[in-house]
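Asks: Residue-level listing of the chains:
2 protein chains.
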Amino acid sequence: MALIVQKFGGTSVGSVERIKNIAKRVAKVSGAGNKVVVVVSAMSGETNRLVALTHEASEFPIGREYDVVVSTGEQVTIGLLALALKELGCRAKSFTGHQVPIITDSQFGGARIEEIKCERLTAELNNGVIAVVAGFQGVDPEGNITTLGRGGSDTTAVALAAALKADLCEIYTDVEGVYTTDPGICQDARKLKKVSYDEMLEMASLGAKVLQTRSVEFARKYNVPVMVKSSFTEAQGTLVCKEDAEMEKVVVSGVTYNKDEAKISVLRVPDRPGIAAKLFKPLTEAGINVDMIVQNISHDSHTDLTFTVTKSDFKRAMKLVKEVAAQIEAKDVVGDPNIAKVSIVGAGMRSHAGVASKMFEVLSGEGINIQMISTSEIKISCVVDVKYTELSVRVLHDAFELGKEDVTEEK
Amino acid sequence: MALIVQKFGGTSVGSVERIKNIAKRVAKVSGAGNKVVVVVSAMSGETNRLVALTHEASEFPIGREYDVVVSTGEQVTIGLLALALKELGCRAKSFTGHQVPIITDSQFGGARIEEIKCERLTAELNNGVIAVVAGFQGVDPEGNITTLGRGGSDTTAVALAAALKADLCEIYTDVEGVYTTDPGICQDARKLKKVSYDEMLEMASLGAKVLQTRSVEFARKYNVPVMVKSSFTEAQGTLVCKEDAEMEKVVVSGVTYNKDEAKISVLRVPDRPGIAAKLFKPLTEAGINVDMIVQNISHDSHTDLTFTVTKSDFKRAMKLVKEVAAQIEAKDVVGDPNIAKVSIVGAGMRSHAGVASKMFEVLSGEGINIQMISTSEIKISCVVDVKYTELSVRVLHDAFELGKEDVTEEK
Chain A
0 MALIVQKFGG TSVGSVERIK NIAKRVAKVS GAGNKVVVVV SAMSGETNRL
50 VALTHEASEF PIGREYDVVV STGEQVTIGL LALALKELGC RAKSFTGHQV
100 PIITDSQFGG ARIEEIKCER LTAELNNGVI AVVAGFQGVD PEGNITTLGR
150 GGSDTTAVAL AAALKADLCE IYTDVEGVYT TDPGICQDAR KLKKVSYDEM
200 LEMASLGAKV LQTRSVEFAR KYNVPVMVKS SFTEAQGTLV CKEDAEMEKV
250 VVSGVTYNKD EAKISVLRVP DRPGIAAKLF KPLTEAGINV DMIVQNISHD
300 SHTDLTFTVT KSDFKRAMKL VKEVAAQIEA KDVVGDPNIA KVSIVGAGMR
350 SHAGVASKMF EVLSGEGINI QMISTSEIKI SCVVDVKYTE LSVRVLHDAF
400 ELGKEDVTEE K
Chain B
0 MALIVQKFGG TSVGSVERIK NIAKRVAKVS GAGNKVVVVV SAMSGETNRL
50 VALTHEASEF PIGREYDVVV STGEQVTIGL LALALKELGC RAKSFTGHQV
100 PIITDSQFGG ARIEEIKCER LTAELNNGVI AVVAGFQGVD PEGNITTLGR
150 GGSDTTAVAL AAALKADLCE IYTDVEGVYT TDPGICQDAR KLKKVSYDEM
200 LEMASLGAKV LQTRSVEFAR KYNVPVMVKS SFTEAQGTLV CKEDAEMEKV
250 VVSGVTYNKD EAKISVLRVP DRPGIAAKLF KPLTEAGINV DMIVQNISHD
300 SHTDLTFTVT KSDFKRAMKL VKEVAAQIEA KDVVGDPNIA KVSIVGAGMR
350 SHAGVASKMF EVLSGEGINI QMISTSEIKI SCVVDVKYTE LSVRVLHDAF
400 ELGKEDVTEE K
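So the protein sequences, as listed, match chains A and B. Residue 207 in numbering that gives the first Met the number 0 sits at position 208 of the first sequence, with consecutive numbering throughout. Residue 229 in numbering that gives the first Met the number 0 sits at position 230 of the second sequence, with consecutive numbering throughout.
No lab work stands behind these hints: they were computed from the structure. Watch out, some of these pointers could steer you wrong.
Each pair may be met inside one copy or between any two copies, as identical chains are not told apart.
Unchecked claim - For lysine to any residue, the following SDA-like pairs were computed, each having C-alpha atoms within a straight-line distance of at most 25 Å:
no. : residue 1 : residue 2
1   : K116      : N143
2   : K19       : E55
3   : K27       : E58
4   : K220      : V250
5   : K116      : G142
6   : K27       : E55
7   : K164      : V128
8   : K116      : D139
9   : K23       : G62
10  : K19       : N143
11  : K220      : E118
12  : K23       : E58
13  : K19       : I61
14  : K27       : H54
15  : K192      : K220
16  : K330      : T309
17  : K277      : K318
18  : K220      : L167
19  : K208      : V174
20  : K23       : E55
So that you can see chain A by itself, here it is in the shape it has in the complex (with noise of 0.2 Å):
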């Protein structure tokens, strides 16, 4: 007997006879001796739905109000899962955030998890009922709503596996797990039986979006096992879990691009110290999330800085970076937003050498030129042309052989 937390997206639960199979699947894992807790989403476009609604009554609606009205969309599916669930012959039984209660911070729209009180969930779950419970929202220490923001069910999800000591989290979601990389692009993408929790975190950040970045995060710190799988079908899913020895055999385990991002270079910068804050402050002020960063050596007292935005912030970004350049005296901004961003992920990175330079090669052997460059301790980025993106994710997935069988796979 396990206690196992299951949590289901906004297209698991589109509609009522969707519920009422995820309420099988539930009712089959719970009949099966366990204890059995379901975090569910919105009904897809529910919440879109809301968010419209407070969008027509303010012009700038997050706050407070904002909170109250998109968190109805979790409460309905709560309440029609239950129902589901009790047709079946299921004990069951619903709860929102402050029914558990999910206790937040009190930064509406985008709350953070602070703790969470198990003792109503665990007796219920003692008793033999099915907890149900609203993902995405919490209620904070003075009883306002709070909503997680988007995608926070993931993250409800992991947390109250982490609080209640669950056995497994299991998130179902529309893909089958987590892949060596896009299938749209390399027809012989092979799923992960097994990937860390780092390599996870890489790329959720860089855009194979399966987890929320925070609800991988989470499961790191408290170390959850996550299993990523399919609501439609019984395909085996991908285990998001602690490193092992096993994983850092493998030095490469995906291949990840991002096209969301734009490039911006200021040129001939003079060399001094606090330059770089005075460039960026401007941006952070305005909000705009700076990603990669590269400074390379002066000559002349003087330097390039290059870095990336996000597409959608480009053209303000130049903007402010144009007028700090006047004030620091550089020579120009130059910016491109015809980028791509092409990532290798794997935790034997660490132990293996030769990795960068192998990616390098591979790339230039293709005549693909690389823009900039940018390492963490299980990754490597490389910018290029936004033309060269399929054609360098296919060379590199198949120079570090992804598409042969895992070797995580158990025999």
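Given chain A's structure and the hints, the job is docking chain B onto it.
Replies: Showing chain B alone in chain A's frame:
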């Protein structure tokens, strides 16, 4: 400076545009220096949509989870109205039933308010905040979400007004007030300036669907003056309040009718103690409400017993009564769904004789046969053939001179 509770129903908040109009009205009252609590229903159509979802998920959805789903309708409205009020520069905050808290019993789908804790609301009101409260919902002592049943938003408003010792409770609806009779039937129907709680109760239960019966009972119990008025015009409404000397001068305040009942007669019932109980017990057990009951003196130790039920219960009631009739050796059971109940209501009846005989004379003067008669202190009801409904209403309205100027009108 007064403390005013205002309640707006589903059509008044049927779209974000209408919610913005309501916000303007509320802002005006608040801007004049009053403390304002606003109670709102779900946007029109929303409760029906949510109820339909629960019926899709479960054959018998009524219970804890039904309330979880259905209560979200009001939660959306409070958030949107609070946003719209802020957009106008007001300070406003929304409150769900559990945030107030409005404590009810645990009868899901039809809970009764047991206590309202006012500390939080009072503090906010003293702070200059407009409190926007979700109607129709509460929380039971275990923290479960409850709903008060259809139309419960009126009760929420009146109960809040009672608990907060408000100076006035305004119920905004899609009619302009309480009329002497249905203006659709009688062209010279007139809006009443004032009506007593007792009169309103008789009128509401007889079919003038202006205020929920339970809310009027609440208002009477705690002596809350309730103003019924239109949410779409600025017209003066009808004040529902304690009976005063002026009201007693008016013998008849209104004529109401109800076509939604059916008549069942049990013929030649043996006149023995316990027979009536035997007859009605199965109906009670089946949840069938009996309205009028008439039993006359007996002949040869036998009597006829006639009663009415709602049309929707007619067939079930006939079946049950026929079974009992056979057991108690009654001669026969005869049913007739083609009836209407026409009533005159007036606080002045208490002190004026001859009202009943005048009613009977007026009806017989038109050749209308009276099938059943039932009276209370301030009401006389007659059952007639349904085809005479409109005629009966018109001649009674004329005979009691209800088209004349309201004597309770302020000069």
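Asks: Which of the listed hints are not met by the structure?
Replies: none
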